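Our numbering puts the first residue of the sequence shown at 118, with every later residue one more than the last.
No lab work stands behind these hints: they were computed from the structure. Hints should not be assumed to be uniformly reliable.
[Claimed, not checked] Cβ pair distances, simulated, as ranges:
id: 1; residue 1: Q295; residue 2: L141; range: 26 to 32 Å
id: 2; residue 1: L238; residue 2: Y129; range: 39 to 45 Å
id: 3; residue 1: Y299; residue 2: L238; range: 37 to 43 Å
id: 4; residue 1: E222; residue 2: N245; range: 33 to 39 Å
id: 5; residue 1: T228; residue 2: L269; range: 35 to 41 Å
id: 6; residue 1: L301; residue 2: A210; range: 39 to 45 Å
id: 7; residue 1: A206; residue 2: H300; range: 25 to 31 Å
id: 8; residue 1: R137; residue 2: I281; range: 23 to 29 Å
id: 9; residue 1: T228; residue 2: A264; range: 30 to 36 Å
id: 10; residue 1: P294; residue 2: A214; range: 39 to 45 Å
Since this is a predicted model, take the numbers as computed values, not measurements. For each residue, glycine too, the CB sits at the ideal point set by N, CA and C.
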Amino acid sequence: MSGAALEDDPEYDNSRALARHLKLTWTYRTKAGFFFRATRGRIKYAQTQLEHLAPQSLERLPYLNTLSAIKHLYQVDLDTLSHGQAFLALFRARLHANALYLLDEPESPLTPENQLSLLALIHTAVANGAQFIISTHSPILMAYPDAQLLALGDTLAPVHYDQINHITFLRNFLDDPQRFVYHLLND
């Protein structure tokens, strides 16, 4: 987390460039939802900012509010959970009906079993009117029934699950992992 304002953060230059080519439309507008990037630094960031501010400073209020909201929302100290369990707790608490979610590689901290748990949470939210735009390499998340899969290359184009390069590579690897390891380590 760089601390720069979102519109000035160079980490999002590519996202802003892509956004200029997208047009989002919907029939039901919602104020619910969130953007998610698989980093776990928000709690530590708020705690670190508090350490540098005078105890009576009004500048502390946003960070105190963030920590209070996190404690209320999750009912458990996320730092006591494993990385993946903390992310599942976040999704359990934050996925609601009739909301829009933009998720950037939400599978990063999750085991395959926990990716299935996330898929079930997504399914429940979708059944209740939520929509998801997910950037992922997870074959599990990409297998969601009736998902519209798009490959981002020179263009943004629909692609079938079995045509995704990552899926093909993973299948080939799982069919004969020793062949891959042999060539990687002996070349």
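Cross-check of the supplied hints:
1. Range check, Q295 to L141: Cβ separation about 46 Å, and the 26 to 32 Å hint is violated.
2. Remark: the range hint 39 to 45 Å for L238 to Y129 is contradicted by a beta-carbon distance near 26 Å.
3. Between Y299 and L238, the C-beta spacing of about 39 Å keeps the proposed range 37 to 43 Å intact.
4. Remark: the range hint 33 to 39 Å for E222 to N245 is contradicted by a beta-carbon distance near 24 Å.
5. For the pair T228 and L269, the beta carbons lie near 26 Å from each other, so the given range of 35 to 41 Å is not met.
6. Separated by about 41 Å at the C-beta atoms, L301 and A210 satisfy the suggested range of 39 to 45 Å.
7. Between A206 and H300 the Cβ separation comes to about 40 Å, which falls outside the hinted range of 25 to 31 Å.
8. Remark: the range hint 23 to 29 Å for R137 to I281 is upheld by a beta-carbon distance near 25 Å.
9. The hint said 30 to 36 Å for the Cβ distance between T228 and A264, and at roughly 21 Å that hint is violated.
10. Separation of P294 from A214 is about 42 Å and conforms to the stated range, judged on CB atoms against 39 to 45 Å.
Hint compliance for this structure: hints 1, 2, 4, 5, 7 and 9 are broken, all remaining hints hold.
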